[in-house]
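Asks: In case you want the letters, here they are:
2 protein chains.
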Amino acid sequence: MSKAQRLDEREIGTKTRDLYPTRGTQEYLTERIDPVVYGDGEPKGEHSLTQEQLDFYEQNGFIVVPDVFSRAEVDTFIGEYRKLAASDKLQDREELVMEPASNRPRSIFSLHRFSELFARLARDRRILDKIVQILDSDVYIHHTRINIKRPLNGKSFPWHSDFETWHAEDGVPRCRILSAWIMLTENNQFNGPLFLIPGSHKYFVSCSGFTPENNHKYSLRKQEYGVPNMKTLEKLTAEGGMAAALGSPGTLILHEGNVMHGSADNISPVPRTNLFFVYNSVRNAPAEKPFAAPKFRPEFLASRDYSPLRPVEGTKGH
Amino acid sequence: MSKAQRLDEREIGTKTRDLYPTRGTQEYLTERIDPVVYGDGEPKGEHSLTQEQLDFYEQNGFIVVPDVFSRAEVDTFIGEYRKLAASDKLQDREELVMEPASNRPRSIFSLHRFSELFARLARDRRILDKIVQILDSDVYIHHTRINIKRPLNGKSFPWHSDFETWHAEDGVPRCRILSAWIMLTENNQFNGPLFLIPGSHKYFVSCSGFTPENNHKYSLRKQEYGVPNMKTLEKLTAEGGMAAALGSPGTLILHEGNVMHGSADNISPVPRTNLFFVYNSVRNAPAEKPFAAPKFRPEFLASRDYSPLRPVEGTKGH
Numbered sequence: 005m006s007k008a009q010r011l012d013e014r015e016i017g018t019k020t021r022d023l024y025p026t027r028g029t030q031e032y033l034t035e036r037i038d039p040v041v042y043g044d045g046e047p048k049g050e051h052s053l054t055q056e057q058l059d060f061y062e063q064n065g066f067i068v069v070p071d072v073f074s075r076a077e078v079d080t081f082i083g084e085y086r087k088l089a090a091s092d093k094l095q096d097r098e099e100l101v102m103e104p105a106s107n108r109p110r111s112i113f114s115l116h117r118f119s120e121l122f123a124r125l126a127r128d129r130r131i132l133d134k135i136v137q138i139l140d141s142d143v144y145i146h147h148t149r150i151n152i153k154r155p156l157n158g159k160s161f162p163w164h165s166d167f168e169t170w171h172a173e174d175g176v177p178r179c180r181i182l183s184a185w186i187m188l189t190e191n192n193q194f195n196g197p198l199f200l201i202p203g204s205h206k207y208f209v210s211c212s213g214f215t216p217e218n219n220h221k222y223s224l225r226k227q228e229y230g231v232p233n234m235k236t237l238e239k240l241t242a243e244g245g246m247a248a249a250l251g252s253p254g255t256l257i258l259h260e261g262n263v264m265h266g267s268a269d270n271i272s273p274v275p276r277t278n279l280f281f282v283y284n285s286v287r288n289a290p291a292e293k294p295f296a297a298p299k300f301r302p303e304f305l306a307s308r309d310y311s312p313l314r315p316v317e318g319t320k321g322h
Numbered sequence: 005m006s007k008a009q010r011l012d013e014r015e016i017g018t019k020t021r022d023l024y025p026t027r028g029t030q031e032y033l034t035e036r037i038d039p040v041v042y043g044d045g046e047p048k049g050e051h052s053l054t055q056e057q058l059d060f061y062e063q064n065g066f067i068v069v070p071d072v073f074s075r076a077e078v079d080t081f082i083g084e085y086r087k088l089a090a091s092d093k094l095q096d097r098e099e100l101v102m103e104p105a106s107n108r109p110r111s112i113f114s115l116h117r118f119s120e121l122f123a124r125l126a127r128d129r130r131i132l133d134k135i136v137q138i139l140d141s142d143v144y145i146h147h148t149r150i151n152i153k154r155p156l157n158g159k160s161f162p163w164h165s166d167f168e169t170w171h172a173e174d175g176v177p178r179c180r181i182l183s184a185w186i187m188l189t190e191n192n193q194f195n196g197p198l199f200l201i202p203g204s205h206k207y208f209v210s211c212s213g214f215t216p217e218n219n220h221k222y223s224l225r226k227q228e229y230g231v232p233n234m235k236t237l238e239k240l241t242a243e244g245g246m247a248a249a250l251g252s253p254g255t256l257i258l259h260e261g262n263v264m265h266g267s268a269d270n271i272s273p274v275p276r277t278n279l280f281f282v283y284n285s286v287r288n289a290p291a292e293k294p295f296a297a298p299k300f301r302p303e304f305l306a307s308r309d310y311s312p313l314r315p316v317e318g319t320k321g322h
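Those sequence lines, one after another, are chains A and B. Using my numbering, the letters of the first sequence map in sequence onto residues 5 to 322. Using my numbering, the letters of the second sequence map in sequence onto residues 5 to 322.
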């Protein structure tokens with residue numbers, strides 16, 4: 005990244021007012037200021053969304069796209085994360101989060117920094133064509149991770165907007181950021197699938213509660229700040245209902261940064277394993293300091309490398 | 005109940021061998037010894053199951069019957085349980101189980117002993133005709149309860165067979181016992197519905213672990229004994245898959261005593277509230293002592309009143 009680009013981003017950060025105040029004394033709902041689909045939404049590449057898919061995403065805040073990756077590719081991804089989890093380079097690092105009760109991985113962060121295959125996958129046109137179509141700019145990786153919700157006792161996660169945390173704790177100024185995630189196992193009604201509130205991304209829930217220092221050390225296990233209350237959830241679900249992201253291995257989900265989501269626990273004997281890539285617009289790099297936290301979260305949760313991603317054709321050759 | 009009847013039942017208990025040993029040193033699977041549908045299964049009343057419904061129940065271990073109770077009746081049931089929860093007669097009694105974190109009821113046991121309406125509902129022909137058709141004998145109430153799985157943080161419950169507990173801890177000798185339950189709120193994929201493993205009732209999972217004294221004080225909150233392991237669940241689900249009991253208020257579910265079931269937590273803003281009646285055949289009254297516990301559980305969890313129920317026509321007139 006050039007020095008000029010860094011300065012430009014810092015300037016954006018410094019100048020940006022806090023348009024989404026949160027973590028104050030009380031919870032309230034405001035309307036979203038930012039567009040959901042930036043620019044004209046025209047297809048920018050052969051793997052762009054159709055107009056119908058784009059409209060669905062705009063309206064609901066997510067879209068489930070089946071069969072984007074083949075079973076053979078999914079097997080490769082599973083093999084790669086297992087290799088990573090067992091490799092020396094991740095031992096004793098914060099990026100590797102183990103189950104408290106067993107010696108098995110629950111999450112691995114920064115996959116793209118530890119694996120050539122995942123670095124390439126993060127730039128795969130089947131994902132990136134869609135991201136660029138929605139955000140209408142170059143993008144960089146905010147963070148990547150794999151989440152393994154263990155069979156029988158994989159824990160639930162309360163409702164939250166990712167953007168609320170990324171804004172409060174990482175200083176991401178505007179909602180020009182989204183997640184693309186890939187199912188590596190079936191996500192069904194029994195193994196703790198992601199629930200979403202369609203249309204909730206068009207509101208911003210300003211949550212109450214002052215963010216404690218090093219909140220991420222607790223929030224990765226159980227989020228307590230940035231969780232909306234019953235009244236807010238009743239209002240959001242009264243308007244939008246609830247939806248579950250279900251699908252087979254190889255399904256791609258685009259998931260707007262601000263859509264309200266959570267998940268039940270997994271009591272089934274099948275793990276729920278998903279691969280996450282979070283993309284932020286290079287025009288939306290973080291401000292000089294977080295908007296509602298004492299200090300930035302660590303790099304593996306919110307990258308400070310804003311280099312624009314260059315797309316590649318698939319994961320072959322690895 | 006006459007003295008003769010009591011003696012007769014005690015005799016049954018004393019003579020009965022332990023045909024379903026459990027809570028030993030290791031877990032294993034055996035085949036069910038007892039029939040699922042007793043007798044000829046012929047309809048015994050106007051509210052009996054159809055042959056098709058009965059076949060489904062026999063094969064899967066449960067059946068969901070929509071629209072058995074009207075919305076108006078459901079509203080009456082909800083009003084009645086709220087009145088009970090607030091009434092003096094239940095305060096400080098074991099039958100009323102409150103949420104640890106709030107002052108709201110989570111379960112009320114022995115509904116039929118505290119409420120005329122629920123006593124009558126337990127004998128409603130719309131339920132009892134089906135029970136008698138399946139068990140081919142007079143029945144008594146093993147226990148009744150209402151379960152309220154709270155919105156946002158209602159807790160999950162691990163897989164188990166009710167019969168395993170009723171046999172181990174209550175001395176119920178044979179699997180001639182079943183639950184009939186009524187949905188008082190919608191049970192949907194988002195509010196922690198009951199998951200079942202179809203066909204699992206045709207096996208008996210002999211679970212490992214010695215039952216501690218007063219186990220019920222803990223097991224009502226979180227069951228730890230009688231919970232099968234991963235290998236068993238994989239085998240059962242490989243054969244039968246998984247099913248969810250979903251439906252609208254007023255839906256009746258018949259649920260064979262030995263079918264393996266559990267439920268995820270409720271992160272939705274809608275409570276999951278269900279009314280349970282457990283019926284045991286009078287020919288299957290408990291043995292002199294439990295088969296795998298130091299002493300019997302209290303009366304409200306396993307009644308010692310084996311009086312046969314006389315059916316009534318509906319809940320009107322209350």
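Among the hints, erroneous ones may be present.
As the list claims (entries may be wrong) - Result set (DSS-like, lysine-lysine): computed pairs, CA atoms no more than 27 Å apart in a straight line:
(1) A:Lys235 to B:Lys221
(2) B:Lys159 to B:Lys48
(3) B:Lys299 to A:Lys159
(4) A:Lys221 to B:Lys93
(5) B:Lys221 to B:Lys93
(6) A:Lys239 to B:Lys159
(7) A:Lys235 to B:Lys87
(8) A:Lys239 to A:Lys293
(9) B:Lys293 to B:Lys221
(10) B:Lys87 to A:Lys159
(11) B:Lys235 to B:Lys87
(12) A:Lys87 to B:Lys235
(13) B:Lys159 to B:Lys235
(14) B:Lys293 to B:Lys206
(15) A:Lys48 to A:Lys93
(16) A:Lys87 to A:Lys206
(17) B:Lys93 to A:Lys159
(18) A:Lys221 to A:Lys87
(19) B:Lys293 to A:Lys159
(20) A:Lys221 to A:Lys159
To be clear, the hints were calculated from the coordinates, so they are not data collected in a lab.
Asks: Hints numbered earlier in the text: which of these fail when held up against the supplied structure?
Replies: 1, 2, 3, 4, 8, 10, 11, 15, 16, 17, 19
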